[in-house]
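Chains as they are written, first to last, in the UniProt record's numbering: chain A, 1 to 331; chain B, 1 to 331; chain C, 1 to 331; chain D, 1 to 331.
Keep in mind that the hints are not guaranteed to be accurate.
It does not matter which identical chain is meant; a pair holds if it fits inside one copy or across any two.
Unchecked claim - Computed list of lysine to any residue pairs in SDA-like fashion (alpha-carbon distance at most 20 Å, straight line):
(1) Lys110 <-> Ile12
(2) Lys110 <-> Gly47
(3) Lys280 <-> Asn255
(4) Lys280 <-> Asp84
(5) Lys280 <-> Gly165
(6) Lys132 <-> Leu294
(7) Lys265 <-> Phe11
(8) Lys37 <-> Asp64
(9) Lys37 <-> Glu189
(10) Lys309 <-> Pro153
(11) Lys110 <-> Met155
(12) Lys132 <-> Asn257
(13) Lys132 <-> Gly256
(14) Lys265 <-> Arg245
(15) Lys29 <-> Lys110
(16) Lys110 <-> Val15
(17) Lys280 <-> Asn23
(18) Lys280 <-> Asn257
(19) Lys37 <-> Met155
(20) Lys132 <-> Ala285
(21) Lys265 <-> Arg133
(22) Lys37 <-> Ala18
(23) Lys29 <-> His253
(24) Lys29 <-> Phe46
(25) Lys265 <-> Glu130
(26) Lys280 <-> Thr196
(27) Lys132 <-> Pro281
For the record, the hints were derived by calculation from the structure and aren't laboratory data. None of the values given here were measured: they were computed from a predicted structure.
4 protein chains.
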Amino acid sequence: MQRFALIGAGFIGTVHAANLTANPNVDFKLVYDLDTKRAATIAASFGAAVAHSVGEVFDDGAIDAVFIASSTDTHAEHVRRAADAGVAALCEKPIHLDLAQATETVAYAKERNTLAMVDFNRRFDRDYAELKRIVDSGEIGDVELIQLSSRGPSMPPLEYIAVSGGQMRDQAVHFFDLARWISGADPVEVFATGSTLAEPRLADYGDVDTSAVTLRLASGALVQIDCTRRTGYGYDERIEVLGSRGMAEARRHRNGNVSRYTAGKVTDDGLHPGWFERVKPTYAAALAAFVNALENGTPISPSLEDGLKAQAIAEAATRSLTSGRAEPILY
Amino acid sequence: MQRFALIGAGFIGTVHAANLTANPNVDFKLVYDLDTKRAATIAASFGAAVAHSVGEVFDDGAIDAVFIASSTDTHAEHVRRAADAGVAALCEKPIHLDLAQATETVAYAKERNTLAMVDFNRRFDRDYAELKRIVDSGEIGDVELIQLSSRGPSMPPLEYIAVSGGQMRDQAVHFFDLARWISGADPVEVFATGSTLAEPRLADYGDVDTSAVTLRLASGALVQIDCTRRTGYGYDERIEVLGSRGMAEARRHRNGNVSRYTAGKVTDDGLHPGWFERVKPTYAAALAAFVNALENGTPISPSLEDGLKAQAIAEAATRSLTSGRAEPILY
Amino acid sequence: MQRFALIGAGFIGTVHAANLTANPNVDFKLVYDLDTKRAATIAASFGAAVAHSVGEVFDDGAIDAVFIASSTDTHAEHVRRAADAGVAALCEKPIHLDLAQATETVAYAKERNTLAMVDFNRRFDRDYAELKRIVDSGEIGDVELIQLSSRGPSMPPLEYIAVSGGQMRDQAVHFFDLARWISGADPVEVFATGSTLAEPRLADYGDVDTSAVTLRLASGALVQIDCTRRTGYGYDERIEVLGSRGMAEARRHRNGNVSRYTAGKVTDDGLHPGWFERVKPTYAAALAAFVNALENGTPISPSLEDGLKAQAIAEAATRSLTSGRAEPILY
Amino acid sequence: MQRFALIGAGFIGTVHAANLTANPNVDFKLVYDLDTKRAATIAASFGAAVAHSVGEVFDDGAIDAVFIASSTDTHAEHVRRAADAGVAALCEKPIHLDLAQATETVAYAKERNTLAMVDFNRRFDRDYAELKRIVDSGEIGDVELIQLSSRGPSMPPLEYIAVSGGQMRDQAVHFFDLARWISGADPVEVFATGSTLAEPRLADYGDVDTSAVTLRLASGALVQIDCTRRTGYGYDERIEVLGSRGMAEARRHRNGNVSRYTAGKVTDDGLHPGWFERVKPTYAAALAAFVNALENGTPISPSLEDGLKAQAIAEAATRSLTSGRAEPILY
């Protein structure tokens, strides 16, 4: 049984709190948030106690592990506190929006042998895990081409965009990780081009809402990612992996299985309205994998280093957006 | 090269004329129709000559085979003429709406060793042939349950209904043949119930437009057929075959492969507007099989006897519609 | 907040216990099972207390509602106890395998104004609820034809079969309820025929494993149900509703969304291995509807009377299996 | 009625000959090929006469139009001869592999008011035409992102590769045309990167077999194309068009509609074995459009200028393959 604290009591913190409660190997002890009222709400619903300071979380030996789901600018600090306290950490991405600071934080944690995982939750999607299994089994031969679509349903608020780090660092980064994980290889080069089609004001932030990214692996295999912030038709992600002996596809998810037949048309249930409906089960699965690593010593995946590598790709992609050329990726 | 005459120059006669012309082993010589103008139109388009009497078709040794596509009440007479003349015959179903007369006609042709085939064209559908192949291969084990849907898009005119023989003899009969062919077994019993939901005036003809039929094979395997004359959403047929080791399904056909994604819905291209768009390729394939039998002595399928057996099921089903009980099928 | 007891601590009782715990408006107080050890296991996992007798469940005013998930032969007795105690009851189907005794039990509960619901959980399936909504909205016009498939993956043990009441009462009954519910009409007549194809020893129990059922509604609309106990390819249920202006289909569920492309074939994730994976979410939804009825006075559906009507259809269907004719349904 | 000559009697010439014969508004008069025996075979099968020289094709006023399906290096010469003779021309792509010479040829034909069309046959695919209709109707708003897959089943012979002009000019060019046509806009910039994964010897030809191309339209809309010469799983092409108000997709085509259900898997009919099975109907449709333009003065599409523009994109893409940067497209 692992004693957990949760830092961050917003929307996603509440999701994590429910998963911590439902996991049979977790004892959900403490919840901390700058906004004590929000922490108290979670504490009351899920039978945890409120921590009134970060110190209270880490300093009393009360917990084995911490789930860091606070605002992005606080992740690195909490990872360091966990490292200091000898507490394992499951941290939402990114460790720090600034790659150099993220790298230092990871080094800090590594020196202290901190058990830590970055929450790229899509690795725990049932279908993506099956894709990975197919690739690893050799069933489709060597990977030659991967297609990923990352498409959000509607523009996030500009306030969110302003602190997000931009489409590469905030949105595409999940798919950079998936491309690395599924192919089992580190991309060496990236080309990215983007536009502000959904929200022209993004240009003020040096950001884009629609982009096309191409990665090149050392083997010569290619990866294409298309990203949009606003589809208008729902949340849409899918992956195709072409190998030398076949292809595997993780198809779009639908929100139901009903078809309506009328003259000349068949109208099916469509896509999920938002990302959360699509990826919801992955959060519990990611937590379970982390807990399993703590309990049974299974390897941690994705590691903090995986988080850094995905960020490194995002940095190079961001450079390419303005340079107009393929950029080397510096890990 | 087989010299052919075509009897019947209506809509479907024109389809057959085009197929006769395109078949490399057919020399399309003659076309006959009571309406000489219609015959002349086909003759001009496809380079055949007009026959001005049935005698001209059969009596001069000008042809090797005849395609009988005239009105139903003339089929039996033309089959007998072909038998007398030693000419092979490809005949649209039914041989005769009256089963006794159909049976006599088949006996007559058999005594004269007439090469004859009844045009249950759905046996030549690519997907149904694949279903048959799967069943015959043993891939899904013994047949246990077959589901067939036979659904027309809109009510035929009442004048058509009046001479059609009713929904069992006119519409369901194709699926009785498919059930026999795919299962490789003769049903022993049939239950049918029907209603006049699309066109209440059908009741005046003792006919139904919506019906549910259950066949029982000697093995105990069961067959369900649903028939409607009017779907409102297009022409719809499909077949499922459940075996002891798996299931095979010939899915509905769509008229295209385009999907449109909008909020919460995906709208695909729908079904074909009518039966002809769905089954069109089967006519050329049926003709090719018949010509192959003539040229190379391959077995004829479906034979005239197959036609009689499907009719026998239709007769029993028609009895069941009013008796309210499962009726034995008398071959 | 509704205080609940659970009677029955087997596999499905454990499912209900988890749902009772997760429902925010339920206080899961007591669990009873003849096998006290099983009750204790559930009690420990979900924070309830063990009741050591049925009296302890009902007699102390400790609960507002009872979930009856014990063996079939005890349902009626527990419903009566609930009625005596003024406790609401959510009861697994059937109320009693003997329709006369079930009818008496329902009358008994009704006289005492017991709030009671029979757990035909498929009414709470997201897709079937959407079908119902489509039909009720008039979108596809008047119902004319309904197709339901009810197909289990593998033969249940003969000991189960022996006490199940047979395929009509045990398996088809769920689909009799769905047909009534979706069409909004009571069938008036039923024809059923069946065979023992998967397990010949079923004949010793007067039972069948493969059956085809046809219902007729007063409007003339028809319903076809195919049932098998053993598909070999997984758990398979689906529904099509044809109306006068279109068709709606609740398609088969797949256990994933991955496709593998190889030469000439596309291999998708298949069906669920068993019924539980397919219908699991319906149990929580059914419970939530019941709790909502208790809390807010919303109408109870399916009512005990709905349970009786589905049973009445099953009785007539069972008669038809041997009579070979369409049987009137006596409600 | 348009009198046609066909130049080129190879595999695709035979396809065109059959379509010329079947088109009711075409009188197929002459066929020419350097290999007179091949020409004679077509002439015999389709009732045309053999032309023994190019002069015989063009000089006697015997034809209204010519279908140029000879080897690539002769296209431009035949277009000029047609222009000289006042004969309309339907020409396989490309006009000339060298863009400068192609441009001169088009100018030459234009000065002589030659009615000419380049046979980008995919514009006549039923599904792609429907995509174009959807975009033009405004149904999905402004185009923002287009995804195209162009995937051949197996490596063509190296002799073919050697004279093909490379993957951009030979394969991707069809999709450059589709991107222009569907979006209604000329791309301004292209990035391409490629590898030799299927056939390392391609490197000797400066060619690639696997590539990822990104186009940028003046509006900022983006286009991604993935190309492979060898999938191993059949011929695969598909298009998605994301607009500001929805998405439209022309899905992969399957070679049949049969599904096989076994434990945990559903195996469907797969993709076509080769490009010809997939695009076969487009050739007759392209011819019909050309004939319609001749007969009724409807606009010609794709024009020779369309052919040049697609080539211009291919040139820039070929440059980008080695420059590693986005290249401007010079029309």
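Consistency of the hints with the structure:
1. Lys110 <-> Ile12: Intra 27 Å, inter 46 Å, cutoff 20 Å: neither.
2. Lys110 <-> Gly47: neither (33 Å within a copy, 40 Å between copies)
3. Lys280 <-> Asn255: Both ways: lysine 280 and asparagine 255 sit 13 Å apart in one copy and 17 Å across, limit 20 Å.
4. Lys280 <-> Asp84: Neither: 32 Å inside a copy, 44 Å across copies.
5. Lys280 <-> Gly165: neither (24 Å within a copy, 41 Å between copies)
6. Lys132 <-> Leu294: Classified as neither: same-chain Cα gap 23 Å, cross-chain 47 Å, threshold 20 Å.
7. Lys265 <-> Phe11: For lysine 265 and phenylalanine 11, neither the intra-copy (39 Å) nor the inter-copy (27 Å) Cα distance is at most 20 Å.
8. Lys37 <-> Asp64: Neither: 25 Å inside a chain and 33 Å across chains, both beyond 20 Å.
9. Lys37 <-> Glu189: neither (46 Å within a copy, 53 Å between copies)
10. Lys309 <-> Pro153: The answer is neither: 27 Å in one copy and 34 Å across copies each exceed 20 Å.
11. Lys110 <-> Met155: Result: close neither inside a copy nor across copies, 37 Å intra and 48 Å inter.
12. Lys132 <-> Asn257: Only across copies: lysine 132 and asparagine 257 sit 14 Å apart there, 26 Å inside one copy, limit 20 Å.
13. Lys132 <-> Gly256: between (25 Å within a copy, 14 Å between copies)
14. Lys265 <-> Arg245: between (36 Å within a copy, 13 Å between copies)
15. Lys29 <-> Lys110: neither (26 Å within a copy, 47 Å between copies)
16. Lys110 <-> Val15: Cα proximity of lysine 110 and valine 15: none, with 28 Å in one copy and 42 Å across.
17. Lys280 <-> Asn23: Both. Shortest intra-copy (15 Å) and inter-copy (19 Å) distances satisfy the 20 Å Cα cut-off.
18. Lys280 <-> Asn257: Both: 19 Å inside a chain and 16 Å across chains, each within 20 Å.
19. Lys37 <-> Met155: neither (29 Å within a copy, 55 Å between copies)
20. Lys132 <-> Ala285: within (16 Å within a copy, 33 Å between copies)
21. Lys265 <-> Arg133: between (37 Å within a copy, 16 Å between copies)
22. Lys37 <-> Ala18: Within one copy, since 18 Å is at most 20 Å while 29 Å is not.
23. Lys29 <-> His253: neither (35 Å within a copy, 39 Å between copies)
24. Lys29 <-> Phe46: both (10 Å within a copy, 18 Å between copies)
25. Lys265 <-> Glu130: between (32 Å within a copy, 13 Å between copies)
26. Lys280 <-> Thr196: Close neither inside one copy (29 Å) nor across copies (40 Å); limit 20 Å.
27. Lys132 <-> Pro281: Close inside one copy (18 Å), not across copies (28 Å); limit 20 Å.
The structure fails hints 1, 2, 4, 5, 6, 7, 8, 9, 10, 11, 15, 16, 19, 23 and 26 (numbered hints given earlier, in ascending order).
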